[in-house]
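Asker: Could you put together the complete structure from these sequences and hints?
Keeping their order, the protein sequence lines are chains W and L. Going by this note's numbering, the first sequence runs without a break in its numbering and finishes at 849. Going by this note's numbering, the second sequence runs without a break in its numbering and finishes at 73.
In case anyone wonders, no lab produced these hints; they're calculated from the structure. The hints are all genuine.
Cross-link-like lysine-lysine pairs, in silico, BS3-like; alpha carbons within 30 Å at most:
#1 K429(W) <-> K482(W)
#2 K482(W) <-> K501(W)
#3 K4(L) <-> K315(W)
#4 K315(W) <-> K671(W)
#5 K308(W) <-> K68(L)
#6 K308(W) <-> K71(L)
#7 K68(L) <-> K315(W)
#8 K71(L) <-> K315(W)
#9 K315(W) <-> K65(L)
#10 K308(W) <-> K8(L)
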Amino acid sequence: MPNLLTLGWIDYLIIIIYFLFVIGIGWALKRYMSSSKAFLEAGRSLPAWVTGLAFISANLGALEVIGMSASGAQYGMATTHFYWIGAIPAMIFLALFMMPFYYGSKARSVPEYLKLRFNEKTRGLNAIAFALMTVLASGISMYALAALMEKLLHWPFDVSVLVSAGIVLAYTYLGGLSSAIYNEVLQFFIIVIGLFPLVFLSLKDAGGWSGMNETLSQVAVDKGYQAGAWTQMWSHSGSSASNPMGVEWFGIIMGLGFVLSFGYWCTNFLVVQRAMAANSMSAARKTPLIGALPKIFIPFLVIVPGMAAMALASKGTLSLELMPDGSPNYNSVITSMLGHYYPSGILGLGLTALLASFMSGMAGNVSAFNTVWTYDIYQSYIKPGQNDDHYLKVGQIATIFGVVLSIGAAYLAKQFGNIMDFLQMIFSMVNAPLFAVLFLGMFWKRATGNAAFWGLLVGIGCAMVHHGLTIPAGADPAAVIKGGWISVSHTYPSGMAQSFWTAIIAWTSATVFTVGLTFMTKQMKSNEELGGLVYSLTPRIVDKDDKWWNRPVVLAVIVGALTLVLSIIFW
Amino acid sequence: MKLDIKIPIGLLFTIFGIILSVYGLVTGSDTEFYAKSLNFNVNLWIGLFMLVFGIFMLILARKSLKEIKEP
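Answerer: In structure tokens, the structure reads:
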């Protein structure tokens with residue numbers, strides 16, 4: 279079997295230079311790593327544009343690039359829901375309303391905030407769940423990278439795993455969180471420049487924007503939808519049967535736009551950690567907003583090539599890879615197009631962009647893992663009261679430990695093909711209740727620690743029961759992972775609809791239980807203890823030092839307005 | 003003082019820019035080679051763009067270095 283991509287010497291040269299730079303950044307930062315704060319929190323010293331780009335880059339992993347271009351082909355323009363409704367509002371909310379408590383509380387992690395606001399057991403539950411999820415997520419990134427390289431270039435699986443793990447270990451061990459963040463910024467620019475030619479060439483080949491739309495209208499009609507189903511985002515969301523995504527407007531707004539997106543962006547320490555590394559409160563609050571500006575335009579970089587691929591495939595210009603059952607393998611859209619349009623030289627750059635995003639997916643998780651492990655598990659339960667040098671050492675060892683566990687997770691992922699779906703399911707079950715609890719904690723001073731702990735557990739439990747009772751159309755309950763493992767009492771039109779509703783139920787039950795139990799339990803924390811942690815007991819922030827155009831609120835209005843205008847254009 | 007991230011970004015883009023644009027110039031006459039990219043010499047154009055961006059980053063880094071030295 280021939281390689282799907284053929285690399286020339288120049289492509290290898292570009293990839294090798296990139297790897298040297300990545301490790302070089304870690305090396306250059308090594309001499310600043312004198313305390314656990316420098317290593318695990320980047321010394322809280324980075325400017326807003328650096329943390330902002332890292333914030334968005336930590337999320338722009340290769341799985342996102344591959345997944346979103348796949349959805350672009352499969353569902354069309356409606357995929358932008360994952361950005362304009364499924365990310366931007368939550369990022370604005372995090373910046374304006376939640377960052378003051380995360381950053382201002384001096385907590386070093388999300389679990390530590392839970393401890394300050396609620397109690398030790400709520401922190402413990404979240405810290406352990408989070409540590410497990412980051413290791414799994416990092417392992418899955420590694421597995422996906424190795425599997426892709428094996429398929430495209432016939433690089434041996436073990437070699438890819440070990441080399442990528444080695445590079446990630448080198449730069450996170452040397453430079454800690456700063457190194458992970460710096461590399462995320464570098465990676466952001468490489469991804470944008472590496473994918474831009476693909477957008478240009480595929481659109482040009484598809485006959486420009488209007489040519490592509492014409493072809494896609496035909497595709498939509500052929501598949502039994504209205505002509506605009508692939509090119510408009512809201513017009514066909516009246517019912518779940520009229521758009522290829524299989525979700526109606528209520529599910530999109532409540533499930534994706536509210537619960538899933540707020541659950542991810544406002545609670546996930548992986549992204550929140552980037553904002554917490556900023557050098558001031560104002561910079562911390564601007565971090566998600568500066569990240570939101572490029573986020574608004576990323577659909578044009580990843581979804582549009584997917585849509586163009588669909589149009590080109592229907593015209594016969596581009597052939598999509600097929601699955602064993604004869605349906606198109608949407609996940610290979612982006613790599614097929616790299617091979618189709620990129621000659622040697624730029625091909626090395628495009629591949630570097632993919633490799634870079636896989637590795638930053640790992641590094642981001644490892645740097646979040648070692649912080650939570652060191653502060654929330656080791657320092658809290660295993661060995662409290664040591665000097666800082668000790669915790670710096672533990673943080674560094676946790677980095678090695680995290681990478682080794684990730685390698686284990688990568689091989690686990692190789693054993694069980696659908697571990698990726700499994701992880702996403704767990705994420706939606708854990709994050710949605712966590713958002714409910716954090717939200718109540720921040721904006722309702724009465725909410726008690728015991729209520730929060732049980733609210734979190736019940737929310738997760740209800741999500742699991744819902745998953746056990748429902749299934750997406752066409753899935754087999756025996757597979758367990760798709761749902762219906764208790765008994766099938768409801769069938770959703772798509773897996774996406776099922777996961778939206780799982781999250782809605784998880785959030786609702788966690789909120790109801792936390793509120794209800796709060797009235798039955800006693801608040802153990804005094805108003806003094808809750809100062810800086812709860813909205814009503816924290817002095818309002820006045821951004822008087824900044825120039826007006828540099829204030830978080832102004833940035834938020836710009837981000838919101840841009841998103842609204844684009845949503846109307848592509849309505 | 004911490005490492006300024008603009009320096010590695012500027013250096014990497016400058017190096018990639020030089021490599022790609024030189025490669026683009028050398029291979030530019032090979033029309034068959036660029037048939038893939040719809041007859042655009044993508045290496046040359048992207049290389050030049052990266053070069054400009056890299057130098058721009060380095061100039062910014064130099065400027066902020068000066069500002070720190072002489073406030």
